[in-house]
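Participant: As you go down the protein sequences, you meet chains A and B in turn.
37 is the number that full-length UniProt numbering gives to position 37 of the first sequence; each next residue is one higher, with no gaps.
148 is the number that full-length UniProt numbering gives to position 148 of the second sequence; each next residue is one higher, with no gaps.
No lab work stands behind these hints, which were simulated from the structure alone.
Being a predicted model, the structure only gives us computed values, none of them experimental.
Think of the CB as a built atom: it goes at the ideal place given N, C-alpha and C, for glycine as much as any other residue.
Please note: incorrect hints may appear among the correct ones.
Estimated spans, in silico, between C-beta atoms of each pair [said to hold, decoys possible]:
hint, chain 1, residue 1, chain 2, residue 2, range
1, B, GLU864, A, SER35, 34 to 40 Å
2, A, ALA3, B, PRO796, 14 to 20 Å
3, A, SER35, B, THR602, 27 to 33 Å
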Amino acid sequence: MEALPYVRLANEIAVQFRHWEPGEAAAEIAAHLRSFWDPRMRTQLIAHVEAGGAGLDVLIIDVVALLREQKVH
Amino acid sequence: MSLLKEPDLGTPARVGEATVDVEIDGQHVRVPEGTSVMRAAALAGIDIPKLCATDSLEPFGSCRLCLVEVEGGRGTPASCTTPVAPGMRVHTQTPKLDKLRKGVMELYISDHPLECLTCSANGDCELQDMAGVVGLREVRYGFEGENHFDAPKDTSNPYFDFDASKCIACSRCVRACGEVQGTFALTISGRGFDSKVTAGNGESFLDSECVSCGACVQACPTATLQERSVVELGMPNRTVLTTCAYCGVGCSFKAEMRGDEVVRMVPYKDGGANEGHSCVKGRFAFGYASHPDRVMKPMIRERITDPWREVSWEEAISYTAQRMRDIQDRHGVGAVGGITSSRCTNEEVYVVQKMVRAAFGNNNVDTCARVCHSPTGYGLKQTYGTSAGTQDFKSVAKADVIVVIGANPTDGHPVFGSRMKRRLREGAKLIVVDPRRIDLVRSPHVEATHHLQLAPGTNVAVVNAMAHVVVTEGLVDRDFVAERCEGFAEWAAFIARPEHSPEAVEQITGVPAAELRAAARLYATAPNAAIYYGLGVTEHSQGSTMVMGMANLAMACGNIGRDGVGVNPLRGQNNVQGSCDMGSFPHELPGYRHVSDDAVRTVFETLWGRTLLAEPGLRIPNMFDAAIEGSFRALFVHGEDIAQSDPNTKHVTAALSAMELVVVQDLFLNETSKFAHVFLPGTSFLEKDGTFTNAERRINRVRPVMAPKTGKHEWQIVCEIAQAMGYPMHYDDSSQIMDEIAITTPTFAGVSFRKLDEVGSIQWPCNDAAPEGTPIMHVDGFVRGKGRFIETTYVPTEERSTRRFPLILTTGRILSQYNVGAQTRRTPNVAWHPEDLLELHPHDAEVRGISDGDLVTLASRVGETSLRARITDRMPVGVVYTTFHHPVTGANVVTTENSDWATNCPEYKVTAVQVGLKQVSVATNELSTSALAD
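Just chain A, same shape as in the assembly (with noise of 0.2 Å):
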């Protein structure tokens, strides 16, 4: 089954960061969703998360809680 494009964006992303320390990781790729997501796009990966987060990056968890700790517009 192909994956949801959030999911699969997030992904893609993540591998980028793999060599990185992972708390400097998540942060950065956080502060990446941030800049160049569109709300939407965040509201569903964290919500996708909350289901489960079936199929993602582990590394994008992480990413995700600190999206949630910002309030998404």
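Since the structure of chain A is provided, determine the placement of chain B on it from the hints.
Facilitator: Here is chain B on its own, set in the frame of chain A:
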């Protein structure tokens, strides 16, 4: 203006600080050392008769018309080939010279058809002019002797004729082909009286290597090489200076007119980007603007299955506004968006993004740069602080080493390609990084020192390995790095790791380690080394990473901030730079300032009278995904054919089909308009009034040569839609839009139409700190302060060859065609490229039983198309290549949803595919043949 004839000083300028004082016909003149007597005289206002000399070409000294007398010197030297000397006293008009010149002209005229009154060059013929200048009154030799009057005429080229009977064998065309264009397609064959201009090995112009750039036509002093449009229409009588609407070089042209009809486009000598040169597209392929396919009236339809219905502008605008608002009422403010076009002017782009942000009330605006150079924006901003190439085009003339990565300048950016080839002929070294053996690797008088023929998708591994060599072999410019950069120590430690060595990555990249090391050393040790790159860098899953990798390499070697160096994106379309500058990205307001910046938003909110969103909007691929998912329902598409140009056509068309309203503003009905409900006819560049910004940040005026054929400028239509949606948006003319851009955008603060009319062109930033613009960036410091080294780990793309799809497809474009071909397919340029072809290596062809010209299938995991095969060893084994100029091929049917991780720029350059003969059995063969016949 009346017809603009630029002065011709006879020979090229010489540069240097040393000067020489001479006296010519009693006038004193001081010129740079090395200047010819002819040019010095011209600078003093004295025109010496000439035929074989022109200031775009090195002197040749063959016509013997420009003879002068020098006091104390012997004989009558040719002034074009005689350099000035201190204290020289020259006489250009003496009885002796008069007699000699008349004698020369008599010889020329004795073998020239005397049909001036009916000749197409009547009034624009230097031979005719010189006959008058020297006072020719008789031809003592008569006209009965042996001559060339019956020499054959070559009419093979669709744009110009070669009438050998009028040729005076001055070699200007031959020299222009070599010196200016760098193709060397022409030669003088034969000796003495049999000397004649010959294309290729005696073929017709069309069949020869001639690239139809027009340099020979430009150089010809007679009607020998003449535009067919002049033959058919007659001589033009007025000039409008404007800018080409094709590639990102942004050549300046004189549109030469008769009334409202364009007779010819002539490259402008004072054009900063092109300095009098052109290519086959800009010079000749403008006929699409008056093609019968052009739509001139607005059209609407309720459903995409309905026929189009012509309506008034008022109805089309009101319908669009009403439907947009209705969709927003039902689905939310964020349910609509727009796409700006790099084929449109800065002013048009600015008003579209303003309409989206202020009238639509969201940031769902993106531009076609999303699918080409968005990684440039990301990568150069992260490392240097702004999204722009560092140099002007002239800078390449100072480069000692030129690195071309993922670009094909002789096809994609031909006028800059000619500049580059000129520098290479002068001795600069060339490194090409490309899976395909592009023409630059080996062409007349040009040969790459290194061709790093890497596997598609391994750019980052290659640039990292080059940087590894620089760092581990002590080739870093320590002073530059210490003074100008930050983050070097961490980056150096990262890049010095063994896994980045050329030997370690050789298995991945396919580039021999020794060759890569040698290339890195060549780049790092050159006094000046410059990087030029194209979409072969950006259109990858690590496009942004690669841009940062190149930026790192240039900083490490101190190759930033002066002539001859830099990191330079070769932009695909004429206004890619401008459309990005104008705030087309969903996260950035004009001037590359993030929407979350309160101070920046305040500037626009104050002026526009609307509260702007501080959150980024949807990018083009996100819009498609959101349309399929249901939250995005309407799209305004300005001058882009996304259904042909964007990847994974099936996905794009599914998204378009899912929308309630698609509005297309364009010249022609296209693939995207098949899914549209409103079609708003657009204007060609000949009707536009505005500016384009080319790849060197040069802002050029686009001046209308005629009124809009549709009755309205595109920016007017956009303003009227915004107004109909309840947002007041009005400008009296497009100069007011530029004035607003200047008020709101610091890098454009000093730009206005008036200033552009005064100085010709300006390279941004142009403001109080740089009132005349900025040809070279980051001279004393980076825009962001310190240049930032960023670690660039190589991560292989997910797109891999498999047993089912064992080949890798990469795509590109060809000289004679332009992007989706909407313009060039509607010109005689189809003579050179009537269809997209699939290039593949002989081995890959042989194992599949494919012969040259066979119809083959090209299939990936997302789609399949068919096209003809061209077997060529310019491709490496395992890699195939095609262009995307023809909708019938639809190359993007097979490209995938993979994209650059940072920007979503599609990974056009790596698609796993299989290729096979279209006919797989006798039965199928019959079917296919029958289908083809149909």
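Participant: All the hints need checking, so say for each whether the structure fits it.
Facilitator: For each hint, the structure was consulted:
1. Our hint of 34 to 40 Å for B/GLU864 and A/SER35 holds, since their Cβ atoms are close to 38 Å apart.
2. Hint check: A/ALA3 to B/PRO796, Cβ distance near 18 Å, so the stated range 14 to 20 Å holds.
3. Between A/SER35 and B/THR602 the beta carbons are some 19 Å apart, a value that contradicts the proposed interval 27 to 33 Å.
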